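Q: Which chain is which? The protein sequence lines are A and B, in order. Heads up: the first sequence begins at 55 in the numbering used here, then just goes up one per residue. Heads up: the second sequence begins at 1176 in the numbering used here, then just goes up one per residue.
Simulated from the structure, these hints should not be mistaken for laboratory data. Hints are not guaranteed to be accurate.
[What the hints assert, rightly or not] Here are the computed lysine to any residue pairs in the SDA-like style, where the Cα-Cα straight-line distance is at most 25 Å:
{"#": "1", "chain 1": "A", "residue 1": "Lys-358", "chain 2": "A", "residue 2": "Ser-230"}
{"#": "2", "chain 1": "B", "residue 1": "Lys-1341", "chain 2": "A", "residue 2": "Glu-191"}
{"#": "3", "chain 1": "A", "residue 1": "Lys-89", "chain 2": "B", "residue 2": "Lys-1517"}
{"#": "4", "chain 1": "B", "residue 1": "Lys-1514", "chain 2": "A", "residue 2": "Glu-104"}
{"#": "5", "chain 1": "B", "residue 1": "Lys-1213", "chain 2": "A", "residue 2": "Pro-312"}
{"#": "6", "chain 1": "A", "residue 1": "Lys-207", "chain 2": "B", "residue 2": "Leu-1225"}
{"#": "7", "chain 1": "A", "residue 1": "Lys-190", "chain 2": "B", "residue 2": "Leu-1225"}
{"#": "8", "chain 1": "A", "residue 1": "Lys-109", "chain 2": "B", "residue 2": "His-1402"}
{"#": "9", "chain 1": "A", "residue 1": "Lys-89", "chain 2": "B", "residue 2": "His-1513"}
{"#": "10", "chain 1": "B", "residue 1": "Lys-1205", "chain 2": "A", "residue 2": "Gly-188"}
{"#": "11", "chain 1": "A", "residue 1": "Lys-307", "chain 2": "B", "residue 2": "Ser-1456"}
{"#": "12", "chain 1": "B", "residue 1": "Lys-1514", "chain 2": "A", "residue 2": "Ser-88"}
{"#": "13", "chain 1": "B", "residue 1": "Lys-1350", "chain 2": "B", "residue 2": "Val-1369"}
Model, not experiment: these values are computed from the prediction.
The residues making up each chain are set out below.
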Amino acid sequence: MTIETENKDIENSIRDTAKKLLSEKQVDVILGYSKGTLPLSSTPIIIRKEDDVDKLVWNNLTYINIARYLAPLMPQLCDNEGNPLKIGIVAKGCVGRAVNLLAAEKQINLENVKMIGINCNGNVNRSVIDLEIGEKEILDVLISGDDIIAKGKDWEQIFPYDQYINELCKVCQVKSPSATADTCVGECQELESIHDEFADVAEYDAKSDDEKWEYIKDALEPCTLCYSCRQACPVCYCNLCFVDQNLPVWFGKTTQLPDVIVFHLIRAFHLAGRCVACGACSSVCPVGIDLNKITRKLEEIVKKRFDFTSGLSAETVPPMMDFSMHDAEEFMLEED
Amino acid sequence: MEQKILKKDEIEKLYNELASEYNVYAPVKKKGNISFEKIEKSEDIVLDYLNSKIPPKSVLFPQMEVLFEYTLDEKDVEITDRQDLDQKILILGIRPCDAYSFELFANFFSSHGNWKDEIYLKKKENTTLIGMGCNTPRTTCFCTSVGGNPFNKENMDVFLTDLGDKYLVEGISDKGKEMVKNLSWLSDATDADVKKSSELAKQAEESITATIDSETIVKNLETNFEHPVWREISESCIGCGSCSYLCPTCTCFDVIDETDKYNNRGRRIRIWDTCQSCLYSLETSGHNPRDTKIQRCRNRIMHKFSYYPENYELLGCVGCGRCIAVCPANNDILTILHKVEKIEEKGG
Chain A
55 MTIETENKDI ENSIRDTAKK LLSEKQVDVI LGYSKGTLPL SSTPIIIRKE
105 DDVDKLVWNN LTYINIARYL APLMPQLCDN EGNPLKIGIV AKGCVGRAVN
155 LLAAEKQINL ENVKMIGINC NGNVNRSVID LEIGEKEILD VLISGDDIIA
205 KGKDWEQIFP YDQYINELCK VCQVKSPSAT ADTCVGECQE LESIHDEFAD
255 VAEYDAKSDD EKWEYIKDAL EPCTLCYSCR QACPVCYCNL CFVDQNLPVW
305 FGKTTQLPDV IVFHLIRAFH LAGRCVACGA CSSVCPVGID LNKITRKLEE
355 IVKKRFDFTS GLSAETVPPM MDFSMHDAEE FMLEED
Chain B
1176 MEQKILKKDE IEKLYNELAS EYNVYAPVKK KGNISFEKIE KSEDIVLDYL
1226 NSKIPPKSVL FPQMEVLFEY TLDEKDVEIT DRQDLDQKIL ILGIRPCDAY
1276 SFELFANFFS SHGNWKDEIY LKKKENTTLI GMGCNTPRTT CFCTSVGGNP
1326 FNKENMDVFL TDLGDKYLVE GISDKGKEMV KNLSWLSDAT DADVKKSSEL
1376 AKQAEESITA TIDSETIVKN LETNFEHPVW REISESCIGC GSCSYLCPTC
1426 TCFDVIDETD KYNNRGRRIR IWDTCQSCLY SLETSGHNPR DTKIQRCRNR
1476 IMHKFSYYPE NYELLGCVGC GRCIAVCPAN NDILTILHKV EKIEEKGG
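All chains, please: the whole structure from these sequences, using the hints.
A: Given below as structure tokens:
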């Protein structure tokens, strides 16, 4: 089956399930993706009427992790009396992971959420495509067979899909939500653990400490500290982020490298064992910084140390929020 | 002949001549993004570009700027003011929309003369713009709907038109005319060159298909502050503020003090801020007049299309389309404005 036909199947199943859930009053609204106004985009949409389900699309351009809109930081979807609405959410694997994590951290009530599980076939890596096309405007993008075809005014360029999807999608082991039939309809699976070799992290690991430092400095140098990565992250939901606190000031607010590094360092700490590997942070970065390398390394550390992968279950809290007498603590220094 | 010709292989010569007098800023490609940077060698200049990702406002209003530094000595404070404000700045290759944004900046930074931002105004006064016509506007460009034009020469000192293998050079302001005169090695343009330039200008203008009805928008915004459309408009926004960071007319900044108490010194810095951040409008009392996403999304539109016209009789948008291209949720300002256009009059 080609990507093109897979997409059609996924799209049809999303629409059918959404229609069914709405007509049977199992949910009040559907959170999904609709066609964007630009060739390499999609827009998150809230569907309130059965007749509107055809606005839902599946086009491999779903960069925002829509579990973001469930997080407590966002205005909650309520009826006129202020009661929470029941939400059907189009859930690829990483959306499902975020929903589970938010539930495990007691930030959402799963009784109000129904996942419409799909077997995700990845997102197009638009920053690489943009980079390769350069100073030309893309007027149309379509998936034909197994190719991404970008068209401009008098040019056309073909990108093989398997090479031009996000790096995270290439190594993704959780393509559909890990959930039971209670919380998910459609494509779901019950995963307890996943097998991941982290082969993509090997290149970074092979670097010396100095080379790693150079790599991180070089990668983060363009950062403007706009915090788009934080805003897009489905599991960043603090009411007041540490960077915004000014009593006391936790860290400098300039765009000089030390401040930039501190932000990304603390962000990494906060996401250890919590990142759901959706890649939204990198996709939304206005200056195109690839944060996926950092988040993959985080995932690897947590997997190897605690045999934990975030978002596989709505019950298990991440290791950093838990305490176990069995944790290895070889880094603790003895007093004497 | 008023118009001159600059051959494409003469950019280096032009740069060398200008660099002796000015700090030259021009578009460069950094990690795939076009931005205006200080040029150290002419090979870095990229004039064949659509538009810069980060607007050239960053040259005169950098994201982070030290306003002054100070040292403390017992009870005395010694303030060191900026020493670099007399340097002459030249921005090469700026597009008409961005050049116009500097005119809008002047309103904010001089506030009808009530208050003057000396740092910005001084830099602006020392700035010369060698702009360039926009041969290929993008589908997201709508400058012609907000009073602009891809070949608007008004705010430039010198204007270049890319004729393919060479540039047509025109002095616009008195300063620009003088500059062109001093570049005596430029060859004369022919009638055919001038004709080609006006054809390109016409083609560029016609190629802009995105439009808004600014008059209706301004009128509708006056009476629809509480309209349900704002909820709809803000629903997909994730509040990242990229739209305002990359907006050539957004001027908001925050001021922070960095103190180094061990060395008895410090500095006052301004950094870009965004009204899309929840903290932006948080008051000391704890009250936040723009506590919700709906209010913040509305403010962005109101500021550009209602408050700005009210205060300065100008639209606060230059139609560059950067916010459309950058929005991760694809919350397209054209879609938003078209929704505002369609709001029916109350009771109508």
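Q: All hints are to be evaluated individually against the structure, with a verdict given for each.
A: Evaluation of the provided hints:
1. A/Lys-358 / A/Ser-230: Roughly 23 Å between the alpha carbons, so the hint for A/Lys-358 and A/Ser-230 holds.
2. B/Lys-1341 / A/Glu-191: Holds. B/Lys-1341 to A/Glu-191 sits at ~23 Å (cutoff 25 Å).
3. A/Lys-89 / B/Lys-1517: holds, 21 Å
4. B/Lys-1514 / A/Glu-104: holds, 22 Å
5. B/Lys-1213 / A/Pro-312: holds, 22 Å
6. A/Lys-207 / B/Leu-1225: holds, 14 Å
7. A/Lys-190 / B/Leu-1225: Cα-Cα ~7 Å, so holds.
8. A/Lys-109 / B/His-1402: holds, 24 Å
9. A/Lys-89 / B/His-1513: holds, 17 Å
10. B/Lys-1205 / A/Gly-188: Holds. B/Lys-1205 to A/Gly-188 sits at ~12 Å (cutoff 25 Å).
11. A/Lys-307 / B/Ser-1456: holds, 18 Å
12. B/Lys-1514 / A/Ser-88: This hinted pair holds, its Cα atoms lying about 17 Å apart.
13. B/Lys-1350 / B/Val-1369: OK: B/Lys-1350 and B/Val-1369 at ~22 Å, within 25 Å.
Consistency with the previously given hints is maintained throughout, with no hint failing.
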